[in-house]
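**Student:** Single-letter residue listing:
There are 2 protein chains.
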Amino acid sequence: MVSEKSLAWGRSDNVIRVLTAYGLARKAEIGADKVFDFSIGNPSVPAPPAVDAAFARLLQGDSVELHAYTAAPGLMSFRKAIAADLNRRYDAGAEADLVYVTCGASAGLSICAHALMNPGDKAVAFAPFFPEYQVFAERAGGELISVPPAAGLQPDLDALVQRLDEKVTMVIINTPNNPSGVILSAESLSRLSNILRGAEEKYGHPIYLISDEPYRELVYDGTPVPCPLHFYDDTILCYSFSKSLSLPGERVGYLAVGSRAADKGDVFAAICGAARSLGYVNAPSLMQRVIESCLDQTADISVYKENRDLLYNGLKELGFDCVYPDGAFYLFVKSPEPDAMAFSERAKKHELLLVPSDAFGVGGYVRLAYCVSTDMIRRSLPAFAALAKEYGL
Amino acid sequence: MVSEKSLAWGRSDNVIRVLTAYGLARKAEIGADKVFDFSIGNPSVPAPPAVDAAFARLLQGDSVELHAYTAAPGLMSFRKAIAADLNRRYDAGAEADLVYVTCGASAGLSICAHALMNPGDKAVAFAPFFPEYQVFAERAGGELISVPPAAGLQPDLDALVQRLDEKVTMVIINTPNNPSGVILSAESLSRLSNILRGAEEKYGHPIYLISDEPYRELVYDGTPVPCPLHFYDDTILCYSFSKSLSLPGERVGYLAVGSRAADKGDVFAAICGAARSLGYVNAPSLMQRVIESCLDQTADISVYKENRDLLYNGLKELGFDCVYPDGAFYLFVKSPEPDAMAFSERAKKHELLLVPSDAFGVGGYVRLAYCVSTDMIRRSLPAFAALAKEYGL
Numbered sequence: 001m002v003s004e005k006s007l008a009w010g011r012s013d014n015v016i017r018v019l020t021a022y023g024l025a026r027k028a029e030i031g032a033d034k035v036f037d038f039s040i041g042n043p044s045v046p047a048p049p050a051v052d053a054a055f056a057r058l059l060q061g062d063s064v065e066l067h068a069y070t071a072a073p074g075l076m077s078f079r080k081a082i083a084a085d086l087n088r089r090y091d092a093g094a095e096a097d098l099v100y101v102t103c104g105a106s107a108g109l110s111i112c113a114h115a116l117m118n119p120g121d122k123a124v125a126f127a128p129f130f131p132e133y134q135v136f137a138e139r140a141g142g143e144l145i146s147v148p149p150a151a152g153l154q155p156d157l158d159a160l161v162q163r164l165d166e167k168v169t170m171v172i173i174n175t176p177n178n179p180s181g182v183i184l185s186a187e188s189l190s191r192l193s194n195i196l197r198g199a200e201e202k203y204g205h206p207i208y209l210i211s212d213e214p215y216r217e218l219v220y221d222g223t224p225v226p227c228p229l230h231f232y233d234d235t236i237l238c239y240s241f242s243k244s245l246s247l248p249g250e251r252v253g254y255l256a257v258g259s260r261a262a263d264k265g266d267v268f269a270a271i272c273g274a275a276r277s278l279g280y281v282n283a284p285s286l287m288q289r290v291i292e293s294c295l296d297q298t299a300d301i302s303v304y305k306e307n308r309d310l311l312y313n314g315l316k317e318l319g320f321d322c323v324y325p326d327g328a329f330y331l332f333v334k335s336p337e338p339d340a341m342a343f344s345e346r347a348k349k350h351e352l353l354l355v356p357s358d359a360f361g362v363g364g365y366v367r368l369a370y371c372v373s374t375d376m377i378r379r380s381l382p383a384f385a386a387l388a389k390e391y392g393l
Numbered sequence: 001m002v003s004e005k006s007l008a009w010g011r012s013d014n015v016i017r018v019l020t021a022y023g024l025a026r027k028a029e030i031g032a033d034k035v036f037d038f039s040i041g042n043p044s045v046p047a048p049p050a051v052d053a054a055f056a057r058l059l060q061g062d063s064v065e066l067h068a069y070t071a072a073p074g075l076m077s078f079r080k081a082i083a084a085d086l087n088r089r090y091d092a093g094a095e096a097d098l099v100y101v102t103c104g105a106s107a108g109l110s111i112c113a114h115a116l117m118n119p120g121d122k123a124v125a126f127a128p129f130f131p132e133y134q135v136f137a138e139r140a141g142g143e144l145i146s147v148p149p150a151a152g153l154q155p156d157l158d159a160l161v162q163r164l165d166e167k168v169t170m171v172i173i174n175t176p177n178n179p180s181g182v183i184l185s186a187e188s189l190s191r192l193s194n195i196l197r198g199a200e201e202k203y204g205h206p207i208y209l210i211s212d213e214p215y216r217e218l219v220y221d222g223t224p225v226p227c228p229l230h231f232y233d234d235t236i237l238c239y240s241f242s243k244s245l246s247l248p249g250e251r252v253g254y255l256a257v258g259s260r261a262a263d264k265g266d267v268f269a270a271i272c273g274a275a276r277s278l279g280y281v282n283a284p285s286l287m288q289r290v291i292e293s294c295l296d297q298t299a300d301i302s303v304y305k306e307n308r309d310l311l312y313n314g315l316k317e318l319g320f321d322c323v324y325p326d327g328a329f330y331l332f333v334k335s336p337e338p339d340a341m342a343f344s345e346r347a348k349k350h351e352l353l354l355v356p357s358d359a360f361g362v363g364g365y366v367r368l369a370y371c372v373s374t375d376m377i378r379r380s381l382p383a384f385a386a387l388a389k390e391y392g393l
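Residue numbers (the working numbering), protein chains in the order written: chain A, 1 to 393; chain B, 1 to 393.
It cannot be assumed that every hint is accurate.
Copies of the same chain are indistinguishable here, so a pair counts whether it falls within one copy or spans any two.
[To be verified] Here are the simulated lysine-lysine pairs, PhoX-like style, with alpha carbons at most 25 Å apart: (1) K5 to K167; (2) K5 to K122; (3) K27 to K80; (4) K5 to K264; (5) K348 to K334; (6) K202 to K305; (7) K389 to K349; (8) K349 to K34.
No wet-lab data here; the hints were simulated from the structure.
With the sequences and hints as input, model every part of the structure.
**Tutor:** As structure tokens, then:
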């Protein structure tokens with residue numbers, strides 16, 4: 001008699017968590033230094049010192065005020081600071097009244113699905129994508145439509161055109177991408193925007209572009225991450241401080257509705273109503289205040305760059321076919337056999353934990369999270385060499 | 001094209017928030033000391049010193065570990081400590097594996113609705129009740145059935161019997177009650193349990209009792225709050241640390257599924273699936289650790305007792321008909337005219353902000369939140385005297 005959908009989602013194995021759990025058990029068995037765990041995207045560098053300083057300063061203040069409920073969309077001072085930060089960094093035209101502080105990007109995406117979809121509506125995502133997109137769309141009574149990748153893992157926009165219909169109300173992009181590290185190019189974004197504007201006109205209603213961008217600041221070669229608001233008015237930015245400030249467990253992020261979006265008032269009200277109906281009262285109060293004073297900071301991402309270069313170059317030399325990651329902290333490697341699940345299993349024999357890409361809506365790759373110690377990467381290379389040899393690379 | 005339900009919930013006026021906003025504007029206009037704001041249930045006493053000590057100690061630790069993702073149901077050490085605390089206080093038979101740490105009680109209730117209801121199912125609540133119960137049930141595709149109160153604001157259990165049918169999968173109680181402060185008596189709980197067991201047998205499926213009990217420790221005369229797990233096996237406790245530790249903005253609470261509940265494995269899995277699908281990743285990481293070390297603490301509630309006595313006795317003396325509150329920090333006062341909205345409007349003329357009970361599913365009362373300064377209560381009594389005089393009390 002429990003909810004059938006919830007039971008299925010509760011029972012279904014999340015391949016990443018299963019692999020992480022296997023890794024923990026295996027480390028206990030043979031020693032932590034013998035297992036090369038690339039399964040999970042948990043930041044490996046500490047939060048910047050400004051975060052610690054903010055805690056120390058704020059905790060001197062009035063306890064009642066510090067831990068009180070905030071307004072549901074967040075502290076107004078924080079919302080103003082977020083809008084100012086977006087405008088400073090990206091000339092985004094952001095307005096504090098259109099910023100809604102969320103409990104991280106997952107909450108933001110779930111809220112968007114519930115705000116923008118009526119039952120039977122469709123959301124579109126470009127493979128490879130974060131597996132929970134599908135769960136959020138289905139929970140909201142809708143459906144997720146997957147569009148396959150084209151060359152360089154940019155979205156196949158011809159395939160998108162084939163899949164658009166009157167039921168599509170939102171399109172999700174994720175840049176830099178988890179699991180591939182690829183940045184959506186200005187060219188792709190420009191063409192995507194033209195297609196969506198055409199579809200809006202054809203079907204007579206807005207189609208919202210949700211830009212899921214928690215890795216926005218994790219870019220290593222100075223490659224620009226184009227801001228979708230410069231291309232398309234009906235955009236909602238979905239952000240999390242989990243990666244940029246190394247605070248994944250604290251669950252703070254935001255939605256920012258574009259200030260030129262059609263029906264922006266209705267969209268913001270629907271976001272408020274969706275968040276309320278899902279049981280989100282406000283994002284954690286103390287953390288809102290801490291992050292407000294650290295908006296211009298990022299954790300020290302130089303370690304991730306070092307890791308990326310070491311891993312990418314190391315695997316290339318061994319003959320693996322890797323997608324060059326401009327950003328995020330993931331390396332997407334082509335499986336030397338068509339079945340990535342089988343490849344992941346064979347890698348396990350060498351104590352290498354690599355997530356098969358099937359979970360991300362595309363076959364034939366594995367994802368390596370390189371937010372690990374540089375030393376572990378260095379020590380893992382002989383295992384990769386043995387694995388390459390097995391495949392005759 | 002936005003979600004019709006979400007838009008309606010986002011646009012609908014929450015009477016409490018509207019009154020609070022009016023109060024803020026009015027204070028700016030005539031001075032904070034001239035407005036007697038009893039509208040909102042935000043704790044007015046600081047978190048206990050143990051909370052500050054835990055912050056200071058924990059923030060010395062490793063930043064990466066401290067702010068990392070936790071397992072979705074919470075840190076295992078915290079879940080174990082919660083189960084032990086429930087067993088120490090209430091001999092509850094709680095098990096850590098059946099404890100799910102939530103982002104507060106609202107999240108817990110929303111998760112329960114999504115875990116226990118299939119579309120078309122019904123939840124039952126006893127008026128007066130927290131208005132969001134209805135929103136959570138409807139968001140999950142179900143319906144909320146309201147049962148009116150009987151004498152002393154205990155539930156009318158004869159009326160419950162009339163309303164039970166095969167579609168009812170959950171029944172919500174709230175003790176001590178918001179807005180009345182009434183504790184559900186052992187007698188009521190015993191009869192309720194017998195009725196539900198009979199209905200389970202008749203309809204051939206479990207009916208879960210959700211005990212929403214964030215005010216459990218806020219009791220002033222040593223009156224016991226009976227633990228529903230002693231009466232009924234198919235119980236889920238829904239708790240929040242917002243009130244007992246004065247941390248409402250930090251959003252930490254839990255669900256504890258009864259260890260003798262039917263299908264407890266399925267129920268817990270459905271809770272995991274519901275939380276996942278709503279976008280809850282984990283409750284805030286640092287706060288889980290802080291609260292883990294403060295589970296045996298409560299904020300200093302002696303102020304609330306002093307406030308209750310002053311307000312209850314003061315209003316009784318003036319001729320108002322008040323429900324004696326055993327717990328929580330709310331006083332429920334009978335409106336001297338049938339229309340509580342009209343009474344609330346007249347009270348505003350005396351700068352008294354009282355929430356009409358219609359929002360809580362019952363007419364004819366107003367709710368006074370006495371988690372305010374004792375001084376404000378003292379200064380408000382002449383205004384209440386003038387109001388009483390207007391009604392010829």
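**Student:** If a hint holds in the structure, say so; if it doesn't, say that too.
**Tutor:** So, going through the hints one by one against the coordinates:
1. Both within a single protomer and between protomers do K5 and K167 lie at most 25 Å apart by alpha-carbon distance, with minima of 22 Å and 17 Å respectively.
2. Taking the shortest Cα distances, K5 and K122 sit within 25 Å of each other both inside one copy (18 Å) and across copies (17 Å).
3. For the identical chains of this complex, K27 and K80 are inter-copy neighbours only, at 24 Å across copies versus 46 Å inside a copy, given an alpha-carbon limit of 25 Å.
4. For the homomeric pair K5 and K264, the shortest alpha-carbon distance between copies (17 Å) is at most 25 Å, but the shortest distance inside one copy (32 Å) is not.
5. For a Cα distance limit of 25 Å, the shortest separation of K348 from K334 inside one copy, 16 Å, qualifies, whereas the shortest one across copies, 69 Å, does not.
6. Taking the shortest alpha-carbon separations for K202 and K305, neither the intra-copy value of 44 Å nor the inter-copy value of 64 Å comes in at or below 25 Å.
7. Taking CA atoms no more than 25 Å apart as the test, K389 paired with K349 passes inside one copy only; the shortest distance there is 13 Å, against 85 Å between copies.
8. For a Cα distance limit of 25 Å, the shortest separation of K349 from K34 inside one copy, 12 Å, qualifies, whereas the shortest one across copies, 74 Å, does not.
The structure does not agree with numbered hint 6 stated previously, though it agrees with all others.
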